Amino acid sequence: MRATAETVPQAASRAQLARRLRTVRRAVLVGLLIAGGLVMIAPFAWMISTSLKTRAEVFVTPPTLIPIVPQWHNYADMWNALPFASFFLNSFKLAILNTVGQLVSCSMAAFAFSALRFRFREPLFALLLVTLIIPFQVVLVPNFVLYRLLPHPFSESGNWIGTHEPLWVGAFLGGAFGTFLLRQFFLAIPHELGDAARVDGANPWQIYRHIYLPLAKPALATLAIFTFMWSWNDLIDPVIYLRDIQTLTVTAGLSLFQGQYVGRWPLLMAGALVSVLPMILLFIVAQRQFVRGIALTGIKG
Amino acid sequence: MTALTRPRRPAARRGGGGRSSDGRWALLFLGPTLLGLAVLSAGPILATLAISLTDWDLLTAPKFSGLDNYLQLLSDHRFQVALRNTFFYTIVSVPLGLVIALGLAMALNTKVRGIAFIRTAYFLPVVTSTIAIALVWQWIYSANGGLLNEILGAFGIPTQKFLSDPTLALPSIIAMSIWQGLGINIIIFLAGLQGIPADLLDAAGVDGAGSWARFRHVTLPLLTPSIFFTTVLSLISSFQVFDQIYVLAKPKPTEWTITVVYFIYENGFRFFKMGYASAASWVLFLIVALFTAIYFWSQNRWVHYQ
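Protein chains in written order, with the numbering used here: chain L, 942 to 1242; chain F, 7 to 312.
Since the hints were made in silico from the structure, they are not lab data.
A few of these clues could be false.
DSSO-like cross-link-like pairs, simulated, lysine-lysine; straight-line CA separation at most 30 Å [to be verified]:
{"#": "1", "chain 1": "F", "residue 1": "Lys256", "chain 2": "F", "residue 2": "Lys167"}
{"#": "2", "chain 1": "L", "residue 1": "Lys1034", "chain 2": "F", "residue 2": "Lys256"}
{"#": "3", "chain 1": "L", "residue 1": "Lys1158", "chain 2": "L", "residue 2": "Lys1034"}
{"#": "4", "chain 1": "L", "residue 1": "Lys1158", "chain 2": "F", "residue 2": "Lys117"}
{"#": "5", "chain 1": "F", "residue 1": "Lys258", "chain 2": "F", "residue 2": "Lys167"}
{"#": "6", "chain 1": "F", "residue 1": "Lys69", "chain 2": "F", "residue 2": "Lys258"}
For clarity, every value in this text was computed on a predicted model and none was experimentally measured.
Looking at chain L on its own, in the form it has when it is part of the complex (with noise of 0.2 Å):
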């Protein structure tokens, strides 16, 4: 009501700079966004550009970033040089495994802990976080003897090392972080849906399998993704329980392959482009649900 013919123009012109200064502000921070994109990105496609060059191309001074002749037969170089093929193979079944292993048994453990009423539950939920809390690798040597306790009707050893078996069957039993993940998710669906289900004479079974699973799919989803990608990327449990060249998987035998041709760029690049090739697959295709699944889960509360 007080305002007068004065103030308005000067607010106005106050607007103005105050949106010109916002606009400034913004091109610089795109303009920062992007170089630091870059360097986000200047690792690959230094990655990408060794790998097709020759053995002398990658010393020249100054360095290159496209090389004169695309060397492609690097890749079959590299592919052969090893038994990269059965790498692959090795991991894609791991990381299956851990991933189906991790969603039943952290699905269940979660629905427990959000939807069922029993005694212990605040200690044991308490128990489980601690062991999100503490380094797996502070039980790597109780865990390498149970599995070389373990008789394996396969394996030359007889027991479980030298075997795929400790690389998945723990996914199995449980989890910290994906237990924590879905009960995130678990308690935020209403109570009400279950308790209608019980008075209509559903068993909690049931419950889980039609009304928790189906609900919470965005979270399995991301949960599915984390779990492939640390199977997949995992280096200090193959390195520890594998033996035969056959057995390993992409990252212990990419770490061999680097042991092998030291110095050789174009051959080590094409291998490390190759090897991280599924996982930004599947990044690409399911970022969407990767992001989503954290904005909804990690931290809410």
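Given the coordinates of chain L, work out where chain F should sit on it, guided by the hints.
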């Protein structure tokens, strides 16, 4: 995260009538998890403690040796430097990684055309295995034709041995790890930022708060749960550093690059000193437990849940 500490529906639990307990169903649903806890995670922590009190090479029977392994750790120079390196790694990489990620998340939280593409660039290293990343960085850091040295050379800076120089090796590995881990923290921060009600920021703006004031008094407090979560994640992963060291410090790390987990691996699975490796594991466990306990305890003081 509040749900962790807040008891759920105390009224319903007090009820007693109707369905009072789902004990048997709980046992069914938790069966796999309980077995996992017993034989793969919680149980083995105690087993680690037991093994740490022995001298055991896996081939002969374990011999009880009391606290010998711990006493030996105290005077083992390699263990001391492994601890020092791990702490250095944590103290540098966690805060630095979080601050950079927060800044980038705020920048990425704008609506500009093509922003989704830029975001993808930041997430890419997260899904890539550390070994592939370490391989390409090993090449970039190389003292023999490496890209970084070529770039520095153009400015007249002499060739650096990034990965073998005592003062540069660990910082170089840390830089690579921060680069790799940015994306995951950015995702979490973005989710947190997008959860901040726009009208809250608008209201602050109408009340005359500048952008710094809005950040300091609206965004930052509302983001504390995300900051807490990302810090916990970063802390845990920084105490677990192994892959980078395994790949970049071949054939084996020097005293400038060895970490505690590599020390455990080396003693347990190269030298088959199971008791000694277990003692180191138990020390690592105590350190991480202490750190996280302090951190969780601190959250009441600075984390605001909506």
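Hint check results:
Restraint check for lysine 256 of chain F and lysine 167 of chain F: the C-alpha separation of about 15 Å stays at or below 30 Å, so the hint holds. A threshold of 30 Å between alpha carbons decides the hint, and for lysine 1034 of chain L with lysine 256 of chain F the separation of about 28 Å falls inside it, so the pair holds. Only pairs whose Cα atoms come within 30 Å are accepted, and lysine 1158 of chain L paired with lysine 1034 of chain L is accepted, the gap being roughly 23 Å. A distance of roughly 28 Å separates the Cα atoms of lysine 1158 of chain L and lysine 117 of chain F; the hinted pair therefore holds under the 30 Å criterion.
Using a Cα cut-off of 30 Å, the hinted pair lysine 258 of chain F and lysine 167 of chain F holds, with the two alpha carbons roughly 16 Å apart. Between the alpha carbons of lysine 69 of chain F and lysine 258 of chain F the distance comes to roughly 29 Å, so the proposed pair stays at or under 30 Å and holds.
The structure shown violates none of the earlier numbered hints.
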